[in-house]
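Chains D and X, in that order, are what the protein sequence lines are. Residues 1 to 232 in the numbering used here are what the first sequence lists, from first letter to last. Residues 1 to 292 in the numbering used here are what the second sequence lists, from first letter to last.
Since the hints were made in silico from the structure, they are not lab data. Hints should not be assumed to be uniformly reliable.
Distance condition first, Cα-Cα at most 25 Å in a straight line; then the derived DSS-like pairs of lysine-lysine [said to hold, decoys possible]:
#1 D:Lys212 x D:Lys179
#2 D:Lys76 x X:Lys92
#3 D:Lys179 x D:Lys152
#4 D:Lys76 x D:Lys152
#5 D:Lys76 x X:Lys146
#6 D:Lys179 x D:Lys76
Some chain D residues near chain X, calculated using beta-carbon distances under 7 Å [claimed, not checked]:
#7 Met49
#8 Pro75
#9 Val104
#10 Gln131
Note that the structure is a prediction, hence the values are computed from the model and not measured. Cβ atoms here follow ideal geometry from the backbone N, Cα and C, with glycine treated the same way.
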Amino acid sequence: MALDVQGIIAGYGPVTVLRGVDFRAEPGQVTCLMGRNGVGKSTLLKCLMGLVPAASGTIHLNGMALESLPAHEVPKRGLAYVPQGRRLFGPLTVAENLAIGGLVQGNDEASLHRVLTLFPRLRERLTQTAQTLSGGEQQMLAIARALCLAPKVLLLDEPTEGLQPSMITLIQEAVLTLKAQGVAVVLVEQRVDAVLKLADSVAFMTGGRIEKTVPAMELQPGAEVFRTYVGV
Amino acid sequence: MTFGPFLLLALMEGLVTAAVLALAASGLSLVFGVMRVVNVAHGAFYMLGAVLAWAVAQHVPGPAAIAFAAAIIVAPLVVGALAAATDGLILKRLNYDPEATIVATIGLLYMIEQATLSLYGPNANPVQAPFEWRIQLPWFGYSGYKLFVVLAACVVLLTLWAFITRTKAGLIMRATQVDRTTARSFGINVDRVYMGTFALGAGLAALAGVLIVPIQQAHYLMGGDTLLLSFIVVIIGGLGSLRGTLIAAIVIGLCDGVISMFFAPTLAKILATLLVAMVLVFRPQGLFGARS
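From just these sequences and the hints, can you work out the full model?
Encoded structure:
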């Protein structure tokens with residue numbers, strides 16, 4: 001199912017952050033959003049989830065309008081979100097966090113089995129509270145919890161931020177597995193090497209808009225476009 | 001009577017106070033924990049429970065036990081429904097802003113009290129206990145109903161604990177308590193959770209009111225003391241911590257029983273307020289609350 005976003009304008013109170021965003025995420029593809037701090041990448045993901053209301057514009061998932069739905073209805077339509085900083089339910093156990101992820105599907109056992117196959121390390125931690133996990137394990141749990149929704153579109157906000165290299169590799173492998181399963185992945189990422197490894201296309205944001213979308217295969221490390229839009 | 005039996009009697013009286021207080025304060029703690037709303041009208045919900053128990057007792061014919069059983073079901077449901085309506089009509093429209101909801105619930109407290117004064121009157125009215133059984137100890141006789149209140153409170157609180165920790169609805173409440181924004185992005189209708197929590201909190205207060213009314217008569221101003229003691233218990237236990245609330249209720253209830261028996265009820269209130277002041281100075285998050 002393709003996610004189609006047209007002319008989204010949104011912000012916080014009187015402050016407009018997104019100033020007419022157009023973009024598309026295709027099934028089985030990873031679309032990376034890149035840009036400097038404050039250009040609206042995270043706000044765009046929150047807007048797609050209904051957490052920041054869109055003042056105007058449309059969001060369609062396979063033709064179904066999402067922009068006017070209340071936030072709690074959006075995950076039921078097939079979108080899942082892994083926020084920056086993970087935002088786990090810290091005092092709840094790993095199993096309870098995953099159960100929250102499985103509420104919409106209602107198929108607790110099947111979704112649990114699926115995500116524990118993808119992240120077997122979490123199986124050993126099911127009774128542990130989320131706040132006691134290591135940073136990498138917390139990120140695995142954040143992704144696993146979102147995958148319990150069996151999403152058509154997965155929104156990931158800087159999932160490898162602050163992780164050690166072995167964990168980054170694990171997370172990246174999980175993203176590639178999801179891509180192979182036909183999930184449309186929208187990834188906010190600042191690391192050029194990760195983008196080049198995972199992305200099918202890269203959308204560069206500036207001033208609350210997507211200025212340029214480039215197929216990842218046309219990009220090289222140190223390309224001019226990274227310096228212009230990301231500053232690396 | 002010698003000192004020992006006096007102390008036993010004081011502790012038994014304190015246990016009854018603790019049981020009723022634990023019920024009322026757990027409702028207040030639940031509402032604050034999940035919704036971050038300081039419900040100043042909580043004492044009014046407690047009073048409504050007692051007044052509704054009196055009203056049901058007037059309209060249900062037959063043995064007192066049947067009228068009491070009806071009151072135990074009807075009063076929490078009616079008060080819970082009123083609280084749910086309050087949530088939808090007032091608190092939700094204020095976007096659960098902490099300061100605004102305090103002012104709104106102060107207003108609600110006065111509205112409920114004045115409406116009760118108009119409809120029920122200024123008199124304190126008794127409600128007959130469902131049974132007149134007395135336990136005869138070697139030193140004194142003691143009301144079996146009071147022991148029933150302790151037992152009933154224990155059963156309700158255990159059920160509440162099982163609901164919160166063992167059911168899907170409880171899991172949803174705990175997730176919403178931790179992070180309502182993230183809860184929304186997992187399909188949880190936070191507005192509905194808040195409405196249910198506010199109704200449950202008010203229902204617990206009303207149930208406490210029903211249980212106390214055969215011991216203490218129903219009066220339109222009876223919620224004030226309970227509100228104060230509930231705040232004391234919730235602050236000492238730790239805002240939002242159910243375990244802390246229960247332990248603090250037992251401590252405050254027993255102290256209230258003993259100090260009231262050997263000295264004066266006013267001294268018990270003064271010492272409880274002093275204890276709150278000390279907790280706020282030395283451990284502001286309460287005995288079992290998480291540091292923010």
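For each hint, the structure was consulted:
1. Restraint check for Lys212 of chain D and Lys179 of chain D: satisfied, since their Cα atoms lie roughly 23 Å apart, inside the 25 Å limit.
2. Between Lys76 of chain D and Lys92 of chain X the alpha-carbon distance is near 23 Å, which keeps this suggested pair within the 25 Å criterion.
3. Annotation: proposed proximity of Lys179 of chain D to Lys152 of chain D holds, straight-line Cα distance about 10 Å (limit 25 Å).
4. Between Lys76 of chain D and Lys152 of chain D the alpha-carbon distance is near 10 Å, which keeps this suggested pair within the 25 Å criterion.
5. About 50 Å separates the Cα atoms of Lys76 of chain D and Lys146 of chain X, which puts this hinted pair outside 25 Å; it is violated.
6. Restraint check: the Cα-Cα separation between Lys179 of chain D and Lys76 of chain D comes to about 20 Å, which is no more than 25 Å; the hinted pair holds.
7. A distance limit of 7 Å between C-beta atoms decides the matter here; for Met49 of chain D the minimum to chain X is near 5 Å, and the interface restraint holds.
8. For Pro75 of chain D, the shortest C-beta to C-beta distance to chain X is roughly 4 Å, which falls under 7 Å, so the interface hint holds.
9. Given the 7 Å rule on beta carbons, the hint for Val104 of chain D holds: about 4 Å separates it from the nearest Cβ of chain X.
10. With a least beta-carbon distance of about 10 Å to chain X, the hint placing Gln131 of chain D at the interface is violated under the 7 Å criterion.
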